[in-house]
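Chains B, C, D, W, S and U, in that order, are what the protein sequence lines are. At position 47 of the first sequence (counting the first as 1) the number is 47 in this note's numbering, and the numbers step up by one without a gap. Every position in the second sequence, counted from 1, becomes a number in this note's numbering once 159 is added. Every position in the third sequence, counted from 1, becomes a number in this note's numbering once 318 is added. Every position in the fourth sequence, counted from 1, becomes a number in this note's numbering once 477 is added. Every position in the fifth sequence, counted from 1, becomes a number in this note's numbering once 636 is added. Every position in the sixth sequence, counted from 1, becomes a number in this note's numbering once 795 is added.
Hints were generated in silico from the structure; no laboratory data involved. Take these hints with a grain of salt, some might be off.
Within a straight-line C-alpha distance of at most 27 angstroms, the following computed BS3-like cross-link-like pairs (lysine-lysine) qualify [stated by the list, open to error]:
#1 W:K636 <-> W:K518
#2 S:K768 <-> S:K795
#3 B:K41 <-> S:K768
#4 U:K954 <-> D:K477
#5 W:K518 <-> D:K477
#6 S:K768 <-> C:K318
#7 B:K41 <-> B:K159
#8 D:K450 <-> W:K518
#9 B:K132 <-> C:K200
#10 S:K795 <-> C:K291
#11 U:K954 <-> U:K836
#12 C:K318 <-> S:K677
#13 W:K636 <-> U:K836
#14 B:K41 <-> S:K795
#15 W:K609 <-> U:K836
Here are some chain W residues pointing at chain B (derived, C-beta under 7 angstroms) [said to hold, decoys possible]:
#16 R500
#17 M578
#18 P587
#19 E590
#20 F593
#21 V594
#22 M595
Every residue, glycine too, gets a C-beta built ideally from N, C-alpha and C.
Number of protein chains: 6
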Amino acid sequence: MRRSIVPGSFDPMTNGHIDIIERASRLFDAVTVAVARNIGKNPLFSAEERVAMLQEECAHLPNVGVDSFDGLLVDYVTHIGATTIVRGLRVVSDFEYELQMAHTNRHLSPEVETVFVMTTTEYSFLSSSIVKEIALLGGSVEGLVPDSVRQRLERQVRK
Amino acid sequence: MRRSIVPGSFDPMTNGHIDIIERASRLFDAVTVAVARNIGKNPLFSAEERVAMLQEECAHLPNVGVDSFDGLLVDYVTHIGATTIVRGLRVVSDFEYELQMAHTNRHLSPEVETVFVMTTTEYSFLSSSIVKEIALLGGSVEGLVPDSVRQRLERQVRK
Amino acid sequence: MRRSIVPGSFDPMTNGHIDIIERASRLFDAVTVAVARNIGKNPLFSAEERVAMLQEECAHLPNVGVDSFDGLLVDYVTHIGATTIVRGLRVVSDFEYELQMAHTNRHLSPEVETVFVMTTTEYSFLSSSIVKEIALLGGSVEGLVPDSVRQRLERQVRK
Amino acid sequence: MRRSIVPGSFDPMTNGHIDIIERASRLFDAVTVAVARNIGKNPLFSAEERVAMLQEECAHLPNVGVDSFDGLLVDYVTHIGATTIVRGLRVVSDFEYELQMAHTNRHLSPEVETVFVMTTTEYSFLSSSIVKEIALLGGSVEGLVPDSVRQRLERQVRK
Amino acid sequence: MRRSIVPGSFDPMTNGHIDIIERASRLFDAVTVAVARNIGKNPLFSAEERVAMLQEECAHLPNVGVDSFDGLLVDYVTHIGATTIVRGLRVVSDFEYELQMAHTNRHLSPEVETVFVMTTTEYSFLSSSIVKEIALLGGSVEGLVPDSVRQRLERQVRK
Amino acid sequence: MRRSIVPGSFDPMTNGHIDIIERASRLFDAVTVAVARNIGKNPLFSAEERVAMLQEECAHLPNVGVDSFDGLLVDYVTHIGATTIVRGLRVVSDFEYELQMAHTNRHLSPEVETVFVMTTTEYSFLSSSIVKEIALLGGSVEGLVPDSVRQRLERQVRK
Numbered sequence: 001m002r003r004s005i006v007p008g009s010f011d012p013m014t015n016g017h018i019d020i021i022e023r024a025s026r027l028f029d030a031v032t033v034a035v036a037r038n039i040g041k042n043p044l045f046s047a048e049e050r051v052a053m054l055q056e057e058c059a060h061l062p063n064v065g066v067d068s069f070d071g072l073l074v075d076y077v078t079h080i081g082a083t084t085i086v087r088g089l090r091v092v093s094d095f096e097y098e099l100q101m102a103h104t105n106r107h108l109s110p111e112v113e114t115v116f117v118m119t120t121t122e123y124s125f126l127s128s129s130i131v132k133e134i135a136l137l138g139g140s141v142e143g144l145v146p147d148s149v150r151q152r153l154e155r156q157v158r159k
Numbered sequence: 160m161r162r163s164i165v166p167g168s169f170d171p172m173t174n175g176h177i178d179i180i181e182r183a184s185r186l187f188d189a190v191t192v193a194v195a196r197n198i199g200k201n202p203l204f205s206a207e208e209r210v211a212m213l214q215e216e217c218a219h220l221p222n223v224g225v226d227s228f229d230g231l232l233v234d235y236v237t238h239i240g241a242t243t244i245v246r247g248l249r250v251v252s253d254f255e256y257e258l259q260m261a262h263t264n265r266h267l268s269p270e271v272e273t274v275f276v277m278t279t280t281e282y283s284f285l286s287s288s289i290v291k292e293i294a295l296l297g298g299s300v301e302g303l304v305p306d307s308v309r310q311r312l313e314r315q316v317r318k
Numbered sequence: 319m320r321r322s323i324v325p326g327s328f329d330p331m332t333n334g335h336i337d338i339i340e341r342a343s344r345l346f347d348a349v350t351v352a353v354a355r356n357i358g359k360n361p362l363f364s365a366e367e368r369v370a371m372l373q374e375e376c377a378h379l380p381n382v383g384v385d386s387f388d389g390l391l392v393d394y395v396t397h398i399g400a401t402t403i404v405r406g407l408r409v410v411s412d413f414e415y416e417l418q419m420a421h422t423n424r425h426l427s428p429e430v431e432t433v434f435v436m437t438t439t440e441y442s443f444l445s446s447s448i449v450k451e452i453a454l455l456g457g458s459v460e461g462l463v464p465d466s467v468r469q470r471l472e473r474q475v476r477k
Numbered sequence: 478m479r480r481s482i483v484p485g486s487f488d489p490m491t492n493g494h495i496d497i498i499e500r501a502s503r504l505f506d507a508v509t510v511a512v513a514r515n516i517g518k519n520p521l522f523s524a525e526e527r528v529a530m531l532q533e534e535c536a537h538l539p540n541v542g543v544d545s546f547d548g549l550l551v552d553y554v555t556h557i558g559a560t561t562i563v564r565g566l567r568v569v570s571d572f573e574y575e576l577q578m579a580h581t582n583r584h585l586s587p588e589v590e591t592v593f594v595m596t597t598t599e600y601s602f603l604s605s606s607i608v609k610e611i612a613l614l615g616g617s618v619e620g621l622v623p624d625s626v627r628q629r630l631e632r633q634v635r636k
Numbered sequence: 637m638r639r640s641i642v643p644g645s646f647d648p649m650t651n652g653h654i655d656i657i658e659r660a661s662r663l664f665d666a667v668t669v670a671v672a673r674n675i676g677k678n679p680l681f682s683a684e685e686r687v688a689m690l691q692e693e694c695a696h697l698p699n700v701g702v703d704s705f706d707g708l709l710v711d712y713v714t715h716i717g718a719t720t721i722v723r724g725l726r727v728v729s730d731f732e733y734e735l736q737m738a739h740t741n742r743h744l745s746p747e748v749e750t751v752f753v754m755t756t757t758e759y760s761f762l763s764s765s766i767v768k769e770i771a772l773l774g775g776s777v778e779g780l781v782p783d784s785v786r787q788r789l790e791r792q793v794r795k
Numbered sequence: 796m797r798r799s800i801v802p803g804s805f806d807p808m809t810n811g812h813i814d815i816i817e818r819a820s821r822l823f824d825a826v827t828v829a830v831a832r833n834i835g836k837n838p839l840f841s842a843e844e845r846v847a848m849l850q851e852e853c854a855h856l857p858n859v860g861v862d863s864f865d866g867l868l869v870d871y872v873t874h875i876g877a878t879t880i881v882r883g884l885r886v887v888s889d890f891e892y893e894l895q896m897a898h899t900n901r902h903l904s905p906e907v908e909t910v911f912v913m914t915t916t917e918y919s920f921l922s923s924s925i926v927k928e929i930a931l932l933g934g935s936v937e938g939l940v941p942d943s944v945r946q947r948l949e950r951q952v953r954k
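Isolated chain B (complex conformation):
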């Protein structure tokens, strides 16, 4: 059985993330969405909330589970017996950063492979930070994140 990891901050998850997770779930036998607990910049949502949102939105995908991790990604990947990291490649994206991380991970753990999957062009501009910025400025994030995430986001921002 081939298990792959879709890692990220997911602060918060977006429709672009769902798109990538669904593609990963068709490519591999099992998929673990892995929430990075410690993300430098203080996160808008706690790791628990980020996991909860993903669980809710991945409920329809029988071969997908959600987890969180500390420390090095490649250590976590090996720890749970996975062999592949799946990353989304947005048409407008930090391509160079993605390659740098992937090569770093290959240096640290040559047996872990990173594969890139393209998001749909519709979400090519979408990122968690854009979503947060829009919400903080009072704009609507409808169509960019799942409805339940939108509600949490609106509550969080009002605080």
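Once you have looked at the hints, place chains C, D, W, S and U on chain B.
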């Protein structure tokens, strides 16, 4: 009458900004230079100062006005009855970021169009942060910003 | 009255071209779609056919006309009294090439401005050569070009 | 069983291709290396020779087969019951072109997924055309292609 | 005698830095590795420690010296009688940022030339921040930095 | 004595080439401008004419000579006892292609170093092909190439 917006932080304005504003003033009937009041990282100049500098340097352009705004750019654009956002494209620039913002704005307000205009190659490396960095390290910003801006900048940095 | 030019080879026109032409028609008082007659590599369609396809598909845009030209683009622009060149910027596009052409044209004719408008993300991968390649390999170009163009293309390819 | 396709011109195959094929063979149950028969520019090696070289060099990979195809890649993918296209991403590569092809293929066949795998940094500059250029100028391609390919290449170039 | 400067934060130095310094030492009669004392974000190592690490690792290069500087780089370059700045160009790197800095420096001091040298592909993904990130997450930086640097880094991180 | 090579097709040379050659002549003791004799696409000027134009325009640079070569660049570099290849980096340029060639040359001859020097921003869009295209379409190349080259070009194009 077609009104366009040239938005930005302008912290401080540079000769590259003037170049873009002049080009916009030839392309559209009316141009509003719109200073973003809240720019995350603490600004070197207050929104009022940034507006004042622009007013001084745009005085020779009869169809250009200066204003400031809070909240979402596209809301402001619609609010003042404009339909176009003008952004400068430097030869060396954060092209991907510009496209991301433009697609985000199109998602939020499909009737607002973003058009990109190229700065002159002479200013292709110029940005507000470069100008601030040079001034903070004691270098001369002559030729990079208008003279009045240079004087304010030198005073500000000495503080 | 501000007249702008949307230049290109249009061999053949695609839905991405229509998208850019419609955006240009909202930005400027008058728009001339200008077909380059001499395009190095031997074209699939004659200049006359390319003009005809564009005329058919731009019929619904009252301020848009179609023409063809020889020689330097900037000479043609000046000749018909236009002042602006409009180019589409695809998310996935030859950005560097576009900037090079725009700077060259600015060098040749400083009073002619090039403005860039973004195609919709849906057509971000679309180009005339991709369309031709698909058609030549027997694939369907439905949804990539207008229906009338698709029919001409299928006829042309069968030859 | 998940079958993936590694398509290409392979004119000739390089060590970078082997690297990608080996990675694909670890990611998927079965892999078909698919040689595009008709490649516009007149090829240095016939499709048969290109297939033969790949067969020789993939002999040690039990789940890898070599085939050739005409027409649209996605039609071939569907025809042989595969669902995934694997493409190598070189650090120095035509990233934009790869994304354009992948989005085009997704448009033509939404159920076929393209995944990108990174070549090792050692081969980051390597391509079939570089190899041909070196050989034609009388340089040594040792270390860039398998030995058997190098010998064929030297023979071919001497003609 | 031609003296060149290899400037940087070196927080900490990596094997990629050594690679560039060695290349510079073959290109120029004399090389000064220049540590920027004030680097905005609070550094992991003091300027003195960063200088000490470089001195240790450059001991085998007879025409290389290590120094530190405050203020504008171009002022320092002129002050010590150098005429050239050497920067490493990683295959995966912030190319645009490098060009922006080089053009800024040329504007400030037209007689100082910046030359770019490529790191070996092996270190194409390597940067000081990646190294720090790995160390902070408890990973091994062996093969990425010299051994003495690795030991200091492990001590520093444990604090 | 350090000798460097500035290689190219120079079909024809442009003001951007002169800019790079002058920078190289300040960086190295001796500079050989090396004209590639066999350039695939049929050249506009013969190798002899390309050499002659360069000789004329480099006459004011006492440490610069002009030569032509066949075969692999790195073989030629070694043959004449040089150790460095100098390439211009235009702000708008085929950066990826330059890196690919430089890494290929490093693979073929590890002791030959490629250094990149930036053209002035003024010529950032300039290339031999742009110059030829303008001339062939009847435009003026004044300010893009030296006067003597312009005259030859006009004569050549009239043929």
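So, going through the hints one by one against the coordinates:
no.	hint	verdict
1	W:K636 <-> W:K518	18 angstroms, holds
2	S:K768 <-> S:K795	14 angstroms, holds
3	B:K41 <-> S:K768	16 angstroms, holds
4	U:K954 <-> D:K477	35 angstroms, violated
5	W:K518 <-> D:K477	21 angstroms, holds
6	S:K768 <-> C:K318	34 angstroms, violated
7	B:K41 <-> B:K159	18 angstroms, holds
8	D:K450 <-> W:K518	16 angstroms, holds
9	B:K132 <-> C:K200	16 angstroms, holds
10	S:K795 <-> C:K291	34 angstroms, violated
11	U:K954 <-> U:K836	18 angstroms, holds
12	C:K318 <-> S:K677	21 angstroms, holds
13	W:K636 <-> U:K836	21 angstroms, holds
14	B:K41 <-> S:K795	21 angstroms, holds
15	W:K609 <-> U:K836	16 angstroms, holds
16	R500	6 angstroms, holds
17	M578	11 angstroms, violated
18	P587	9 angstroms, violated
19	E590	6 angstroms, holds
20	F593	4 angstroms, holds
21	V594	6 angstroms, holds
22	M595	6 angstroms, holds
Hints 4, 6, 10, 17 and 18 from the earlier list are contradicted by this structure; the remaining hints agree with it.
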